[in-house]
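**Student:** Letter by letter, the chains look like this.
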Amino acid sequence: DGGITQSPKYLFRKEGQNVTLSCEQNLNHDAMYWYRQDPGQGLRLIYYSQIVNDFQKGDIAEGYSVSREKKESFPLTVTSAQKNPTAFYLCASSMGTGWSTVQYFGPGTRLTVT
Amino acid sequence: GQQLNQSPQSMFIQEGEDVSMNCTSSSIFNTWLWYKQEPGEGPVLLIALYKAGELTSNGRLTAQFGITRKDSFLNISASIPSDVGIYFCAGLIYGGATNKLIFGTGTLLAVQP
Chain A
1 DGGITQSPKY LFRKEGQNVT LSCEQNLNHD AMYWYRQDPG QGLRLIYYSQ
51 IVNDFQKGDI AEGYSVSREK KESFPLTVTS AQKNPTAFYL CASSMGTGWS
101 TVQYFGPGTR LTVT
Chain B
1001 GQQLNQSPQS MFIQEGEDVS MNCTSSSIFN TWLWYKQEPG EGPVLLIALY
1051 KAGELTSNGR LTAQFGITRK DSFLNISASI PSDVGIYFCA GLIYGGATNK
1101 LIFGTGTLLA VQP
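So the sequences go chain by chain: A and B. Using the numbering used here, read the first sequence as starting at 1 and increasing by one per residue. Using the numbering used here, read the second sequence as starting at 1001 and increasing by one per residue.
Everything labelled a hint here was simulated from the structure, so no lab data went into it. Warning: the hint list may mix true and false statements.
As the list claims (entries may be wrong) - Capping the alpha-carbon separation at 30 Å, the derived lysine-lysine pairs in DSSO-like fashion look like this:
id, chain 1, residue 1, chain 2, residue 2
1, A, Lys57, B, Lys1051
2, A, Lys83, A, Lys14
3, A, Lys14, A, Lys57
4, A, Lys70, A, Lys57
5, B, Lys1070, A, Lys57
6, B, Lys1100, A, Lys9
7, B, Lys1100, B, Lys1070
8, A, Lys83, B, Lys1100
9, A, Lys9, A, Lys83
10, B, Lys1100, A, Lys71
11, A, Lys9, A, Lys57
12, B, Lys1100, A, Lys57
13, A, Lys71, A, Lys9
14, A, Lys57, A, Lys71
15, B, Lys1051, B, Lys1100
16, B, Lys1100, A, Lys70
17, B, Lys1070, B, Lys1051
18, A, Lys70, A, Lys9
19, A, Lys83, A, Lys57
A quick note: this is a predicted structure, and the numbers were derived from the prediction, not measured.
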């Protein structure tokens, strides 16, 4: 079955700790994205990558970091510098290296930082 | 920056009723997308629209890409309890200086059996 997997589903961390969220896809998609979702708001773009070893900041990149060492993997690290890290994090992917193709989403990871 | 105004914010309807929701913007989009999200899950693509004026159906769902390219609507006919969820519109801009997917704030749909 082709798809996007995110793990874990729920993640709890203490304030001041870095945490890495996993995103893997076996759709052979070139582009991958990370979004953050807060209650009552639309999705906001954190980072995106259109090819391996290259990535770009989105609208709210501060306090986050990513890597793209493999086509199928795009992990997101939430650092201690992120002021409000508690949120629902969604990974997406799309075919091709431009923005013209539809994005498909994973099931999400809910991060709670106390 | 670009914004999408999605309405209504929420709808509480009886099973069997038809539903209509829409998104408007001051910006022009190349593509309009409609997603459905259930609690604790990622958005699932329902319909993609690629041309101004395009009308596309997916079962009981029908969506249209507005002629001005600044709006889109989604209709659900004969609603059923499993239609419950949050419906998001998203506008895709590409090919120029700005490339991005912009999301509306969602319409919460509750269906009473």
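**Student:** If a hint holds in the structure, say so; if it doesn't, say that too.
**Tutor:** Tested hints:
Simply put, Lys57(A) and Lys1051(B) have alpha-carbon atoms about 29 Å apart, close enough for the 30 Å limit, and the pair holds. Simply put, Lys83(A) and Lys14(A) have alpha-carbon atoms about 13 Å apart, close enough for the 30 Å limit, and the pair holds. For the hint pairing Lys14(A) with Lys57(A), the CA-to-CA distance comes to about 26 Å; that is within 30 Å, so the pair holds. Taking the CA atoms of Lys70(A) and Lys57(A), the gap is about 18 Å. The hint holds against a cut of 30 Å.
In summary, the hint linking Lys1070(B) to Lys57(A) is supported, as the alpha carbons are separated by about 26 Å, within the 30 Å threshold. Between Lys1100(B) and Lys9(A), the direct Cα distance comes to roughly 27 Å. Compliance with the 30 Å bound is thereby established for this hinted pair. Restraint check for Lys1100(B) and Lys1070(B): satisfied, since their Cα atoms lie roughly 15 Å apart, inside the 30 Å limit. A C-alpha spacing of about 25 Å is found between Lys83(A) and Lys1100(B), which places the hinted pair at or below 30 Å, so the restraint holds.
Using a Cα cut-off of 30 Å, the hinted pair Lys9(A) and Lys83(A) holds, with the two alpha carbons roughly 22 Å apart. For the hint pairing Lys1100(B) with Lys71(A), the CA-to-CA distance comes to about 21 Å; that is within 30 Å, so the pair holds. Between Lys9(A) and Lys57(A) the CA atoms are separated by roughly 24 Å; this keeps the pair inside 30 Å, and the hint holds. Simply put, Lys1100(B) and Lys57(A) have alpha-carbon atoms about 12 Å apart, close enough for the 30 Å limit, and the pair holds.
Distance restraint check for Lys71(A) and Lys9(A): the Cα-Cα separation of roughly 22 Å lies within the 30 Å cut-off, and the hinted pair is therefore satisfied. Taken as a hint, the Lys57(A) and Lys71(A) pair is honoured in the structure, with Cα atoms around 18 Å apart against an allowance of 30 Å. Of the supplied pair hints, the one linking Lys1051(B) and Lys1100(B) holds, its CA atoms being roughly 17 Å apart against a limit of 30 Å. Between Lys1100(B) and Lys70(A) the alpha-carbon distance is near 23 Å, which keeps this suggested pair within the 30 Å criterion.
Straight-line distance between C-alpha atoms of Lys1070(B) and Lys1051(B) comes to about 12 Å, which keeps the hinted pair within the 30 Å bound. Taking the CA atoms of Lys70(A) and Lys9(A), the gap is about 22 Å. The hint holds against a cut of 30 Å. Under the criterion of a C-alpha separation no larger than 30 Å, the hint pairing Lys83(A) with Lys57(A) is consistent with the structure, at around 17 Å.
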